[in-house]
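Engineer: Please arrange chain H with the ligand on chain P, whose structure you already have, making use of the hints.
From first to last, the protein sequence lines stand for chains P and H.
Under numbering that gives the first Met the number 0, think of the first position of the first sequence as 0, with each following residue one higher.
Under numbering that gives the first Met the number 0, think of the first position of the second sequence as 0, with each following residue one higher.
Hints are computed from structural coordinates only; laboratory data are not their basis.
Heads up, the beta-carbon is just placed ideally off N, CA and C, and yes, glycines get one too.
One should not assume that every hint holds.
To be verified - Here's a subset of chain H near chain P, in silico, CB distances under 8 Å, partners left out:
hint : residue
1    : Ala37
2    : Lys41
3    : Asp56
4    : Tyr152
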Amino acid sequence: MIKHHPDVNLLVDYVSGNISPAKAGCISTHNSYCGICRKTTFQLETLGAELLKDLESPPVHNSTFDSVLARLENSPQGQSESLNCKQESFPLVLKKLMSKEFEDLEWRKVTSALSVSRLHTGDLKHECALYQIAAGGKIPEHDHKGVEMTVVISGGFSDRQGVYHKGDFIFREKDQIHAPTALESEDCICLAVSDAPLRFTDWRYRWMNPFLRFSAG
Amino acid sequence: MAVPDSKKTEDQKDWDACLASIAVSNSEAFADFFNHFAPLIKSFAFSGSSMSAIHADELVQEVMIKVWQKAAAFDPKKASATTWLYAVARNCRTDLYRKLRKFDTPLTAEDLMIEEESQEAFDLLQIKRNAETIREKLQALPNEQRQVIAKIYMEGKSHSEVSAELDLPLGTVKSRVRLAINKLGVQLAPTGDSHD
Ligand SMILES: [Zn+2]
Numbered sequence: 000m001i002k003h004h005p006d007v008n009l010l011v012d013y014v015s016g017n018i019s020p021a022k023a024g025c026i027s028t029h030n031s032y033c034g035i036c037r038k039t040t041f042q043l044e045t046l047g048a049e050l051l052k053d054l055e056s057p058p059v060h061n062s063t064f065d066s067v068l069a070r071l072e073n074s075p076q077g078q079s080e081s082l083n084c085k086q087e088s089f090p091l092v093l094k095k096l097m098s099k100e101f102e103d104l105e106w107r108k109v110t111s112a113l114s115v116s117r118l119h120t121g122d123l124k125h126e127c128a129l130y131q132i133a134a135g136g137k138i139p140e141h142d143h144k145g146v147e148m149t150v151v152i153s154g155g156f157s158d159r160q161g162v163y164h165k166g167d168f169i170f171r172e173k174d175q176i177h178a179p180t181a182l183e184s185e186d187c188i189c190l191a192v193s194d195a196p197l198r199f200t201d202w203r204y205r206w207m208n209p210f211l212r213f214s215a216g
Numbered sequence: 000m001a002v003p004d005s006k007k008t009e010d011q012k013d014w015d016a017c018l019a020s021i022a023v024s025n026s027e028a029f030a031d032f033f034n035h036f037a038p039l040i041k042s043f044a045f046s047g048s049s050m051s052a053i054h055a056d057e058l059v060q061e062v063m064i065k066v067w068q069k070a071a072a073f074d075p076k077k078a079s080a081t082t083w084l085y086a087v088a089r090n091c092r093t094d095l096y097r098k099l100r101k102f103d104t105p106l107t108a109e110d111l112m113i114e115e116e117s118q119e120a121f122d123l124l125q126i127k128r129n130a131e132t133i134r135e136k137l138q139a140l141p142n143e144q145r146q147v148i149a150k151i152y153m154e155g156k157s158h159s160e161v162s163a164e165l166d167l168p169l170g171t172v173k174s175r176v177r178l179a180i181n182k183l184g185v186q187l188a189p190t191g192d193s194h195d
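In isolation and in its complexed conformation, chain P is listed as follows (with noise of 0.2 Å):
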């Protein structure tokens, strides 16, 4: 069962679309393993049409309508696509956030236990990557220059502050240190974003912190 969620300011600032694009894909992504605050998120749109609702009606004018018509004899008709999803283990925002197949990802080995995967959002002051920690792996301590958002994808993690399984929402404060290790039974997968590339505190990794700043593109 799920046990970490995000907060409601966060999910107040997804739902009234205060967010970087990164950040809305993690908590979607958790959202689409956590129908509690599925309907949480719900329930914050409806006081956001209770609000729109409440708001002036200026006059529109009669062209606007007609330039719609206009622009809709001219768009292709029919439905915009709806993905297929036959890979049933991902939820479909995390395929969009990959872009292509979980197999077709490149992936760069950080220690033998650590391999991430940097994913494109566009958002260039936030780093959004997957994290894949061998069964028993441990990450080397490491703490954040900014805060940083993890959700599990698969597998499970555990840190001196807790265990978390699938679909659990991890919120780090900018400063806290950490050091996760994978859980015995399988891999873990993570979807993970931050505000500043982590870094590693433990002198015996320091010499690889050059690797965890991804190459751009």
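Structural biologist: Below, chain H with the ligand without anything else, positioned relative to chain P:
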């Protein structure tokens, strides 16, 4: 900060049914929908960060085109027409903002907010009750809470932008939002996992 409470009693048109007609390409229904909602969308555009009249008009067009194209995907068992429209308008506004700021992303706002089909379709009665509760309680919200909520939702400002604008600590903005959401009866995940 003037809240327009002098709203006429809401006209009782069944917008769910109207959307269903649009889904089967009924252009009269589309005109009705447009006449009612286009002004609200225009207002929504203007309440955000200084959007020009041209871009406000562009937003109205984008939203209405989406309404026509996506009406078939509307499911009255899952949401009311206005809640559905709010999500469409929000996504279009986000995409327009990003375009205007030359923020180049391969993903649309809609792409990033797809949530897997819910197994448990909400029950229709509960949706209506929810909306009613929220509507009633919204009117009773203390001004300072409603103001913050409106800035975030309608003006499209993040918590930190609201905190800067109102010259309030971020923690105060966050707690006003939490208080408001609680009063509105929104159900939250049971968790101590909150943070300031
Ligand atoms: Zn949740």
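Engineer: Does each hint fit the structure? Answer for all of them.
Structural biologist: Evaluated hints:
1. Ala37: 4 Å, holds
2. Lys41: Nearest chain P Cβ about 6 Å off; hint holds.
3. Asp56: With Cβ-Cβ at 6 Å, under 8 Å, it holds.
4. Tyr152: 5 Å, holds
In terms of the numbered hints stated before, the structure departs from none.
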